[in-house]
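Sequences and hints are given; from them, build the entire structure.
Sequences listed follow chains A and B, in order.
Start counting at 1 in the first sequence, then tack on 90, and there's your number in the working numbering.
At position 241 of the second sequence (counting the first as 1) the number is 221 in the working numbering, and the numbers step up by one without a gap.
I should point out that these hints are in silico values taken from the structure, not numbers from a laboratory.
Bear in mind that the values here come from a model prediction, so they are computed numbers and not experimental data.
Mixed in with the good hints there might be a few duds.
Stated by the list, open to error - Each computed BS3-like pair below joins lysine-lysine, with the alpha-carbon atoms no more than 25 Å apart: (1) B:Lys39 / B:Lys8; (2) A:Lys262 / A:Lys252; (3) A:Lys271 / B:Lys108; (4) A:Lys268 / A:Lys252; (5) A:Lys268 / B:Lys108; (6) A:Lys252 / A:Lys271; (7) B:Lys108 / A:Lys270; (8) A:Lys270 / A:Lys103; (9) A:Lys252 / A:Lys103.
Unchecked claim - Cβ-to-Cβ under 7 Å is the rule here; a few derived chain A residues that face chain B: (10) Val381; (11) Met501; (12) Met521.
Even for Gly, the Cβ is constructed at its ideal location relative to N, Cα and C.
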Amino acid sequence: MQMDQKMRIKLNKVAIRAIIFIALVALIILGTLGRGTLNIAEKGQFLGIFSALIATLITLIFLLIKRTQPTTPHRLVNLILTTNIGITAVLLAIFAITAPTISSVESEFIRNLIAGGFILAIAFVLLISLALVSIREFLGDSFIKRTENLVFRTLGETKTEKAKLTVTRTRKVWAQYKTKKAGMFGFYILIIMTVLAVVGPMIASEDPRIPNTGEQVVLPQPPSWEHPLGTDYQDKDIWSQFLYGAGTSLFVGGFAGFISVAIGALIGIVAGYFGRIWDEILMRVTDFFLVLPWFPLMIVLAAIFGRSLWVVIFVIGISSWAEDARVVRASTLAIREKQFIERSRALGAGDFHIISKHIFPNIFPLLVSISVLMISGAIFSESFLDFFGLGDPNVVSWGWMLERAHEESAMMLFYWWWIIPPSLGIILLIMSFYLIGDTLDEVMNPRLKRR
Amino acid sequence: MRAYLIRKVFYLLITIIMIMSFNFLIFKLLPGNPIMLLFPRGATPETIAYWSHALGYDKPLLDQYLWAIIAPFVGDFGISVTYTPRVPIIDILAPYLVKTLFLVGLGTVITIFVGIYVGRESAWRRGKLYDRIATSISVILYSIPTFLIAVFLIIIFANWVPGWPLGGATSPIERFEHLDTVSQILDLTQHALLPLFALVIESIAGFSLIVRSSLIDVLTEDYILTAEAKGLDNRTILRKHAMPNAYLPLVATIALNVGWVLGGTIMIEYIFTYKGLGYLGWEAILCQDFPLLQTVFFLEVIAVVFANFIADILNFYLDPRIKI
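In structure tokens form, the structure reads like this:
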């Protein structure tokens, strides 16, 4: 009975991951189909593959919903095989019957459709059964031992020990992190957004940067099959713009957050470690930047340096590091007073050695959590700079979409499909980074209190 | 006491001078001759020379720098490029300044009261249903950038509340002038309601989260347990024992929050065409009116710097530990 429970939990997990993965592949294929660059035979193949994927999706969801799941891998594979092939067959039949009414189709199309569908359906059944039975069990313990041996031989004893320690620590943090619901929620959103950003240009049915030439200005269209999120005034697809925007937000957020934390860490460590005159000067500068309202500052800098993506990144990084410097300095001060630093110095360690080998590793967890929080702020800033008309006009981003919508007064005219997607993207991404950063802070720096 | 004050005033002066130098330098870094901005369609060399002389651009850099530091104190912010014929910036500031001060002032007050109320109640009921609901709503609202809140408000009011004014600080001036005083006030209030609401939502959410965590820190300390053991009732513990200690970090937060609210007003004024400082700054960017932009930036920074200065002074009175 206990085994049954365990198996089911694992099955649920793997099945959810498989569903997400398959849904993405299906989206990519749908995007490829929508581009209209395929000939009729290829269209048949892709449609076949698509139907196989959809069938697998339905099967998996069915498996998840079903209360009593089969316990042995053998019965599981049987179940998946029958349902999947059955659903694929039905879908293929539907496509084959409706195809002639959609367009004039040759028999090649149908032949390819059926071949592609069935081959992929069977391949997927095998793959998913394998995944459900779990890869680790399939590979077994001997495989893990062998990998460990390999690592040991290439790195040597000390480094292997260190690597093992890092792995155990990360596992511990992760085990604690997993128990926080809010943090996991943010984590899932981040993963979905990252995947959308990476595969975005593949799924998108068109490149939003290329303007439609020769088209007359048309009214924005509400969502339809062709344009899942509707179109804007220039007949450009909103869904494609949304996908391109995800990448921009993550890119700008990541880089700006990194710049901000790098400056903050450098100044904080120098001020905290060397103290005295360094501390006094650097903290005056930090206070100055802390008090400067970052928003007007950003606007002025962006207005002066011009409209380009790197300027935006740089400006956000420059105007937000002061808080990091304060936090880093405080914890550097605390670590500097510890005994092991004194001992290290007595053994003849130089300043650089102490900073790089002792202080930096100790404040690293702090840096991780604040940089995640900084990314959340950076995404906020980027979206507003774009919305304000200070972003790069050639880069598609969510703020840029909102700016154009605002210019065309889409709010007054209630073109909700034009406004909701970018807004929701911004909100979700900011929230996800905020939740992740907060949870990481809680897990990794339990005793440090942030002011 | 006196030593502390003197040190703070000294730092304040240094900060202000640093801001002015920054303001001076950053606009000197601009490529091109700033005089040319006055003449978008070009001008004869004599005219340019005349205006360079009149505005002091032909002086040595050091003199210009010294003048840049002294000028704001005597009310000289230079000359605006957009407002013809060549108005000194000081003359056009007043109506804009009043509107922004109104938004920021009222916004800060509302933020403080509502934020402290929500934060206090949820810290007191930590882990209960009220706390969980309040905290998750706060996190969600905190994640919505102010300008998106404004956008949502506009969508809602434009489509479901017909006739509600969505832009400007008053009705069109011809109509506004014919109203009697009471209607004028009502009109102003109606126009200010949406911007104010959009402005405070996010800062209330952020502030209440800070109040909550600050109060929870206090509530988990031993002396609260002692107070409970003495048999004091809950509200007394909260009001007399916990809140005063929780206020300390809040004072500094409120001061920094002024900067945040100011940033928010820029977004709000832009979206609602509420003609305050932020809107003026946006217009200045559009027209490349850098003297004007410089002034707006200077005023906003000074406001935040002074808010922080006042917070320092307040902290001195609230926190006896500083006096030692």
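**Request:** Tell me, in ascending order, the numbers of any earlier hints that this structure violates.
**Result:** Violated hints (numbers, rising): 6 and 9; every other hint is consistent with the structure.
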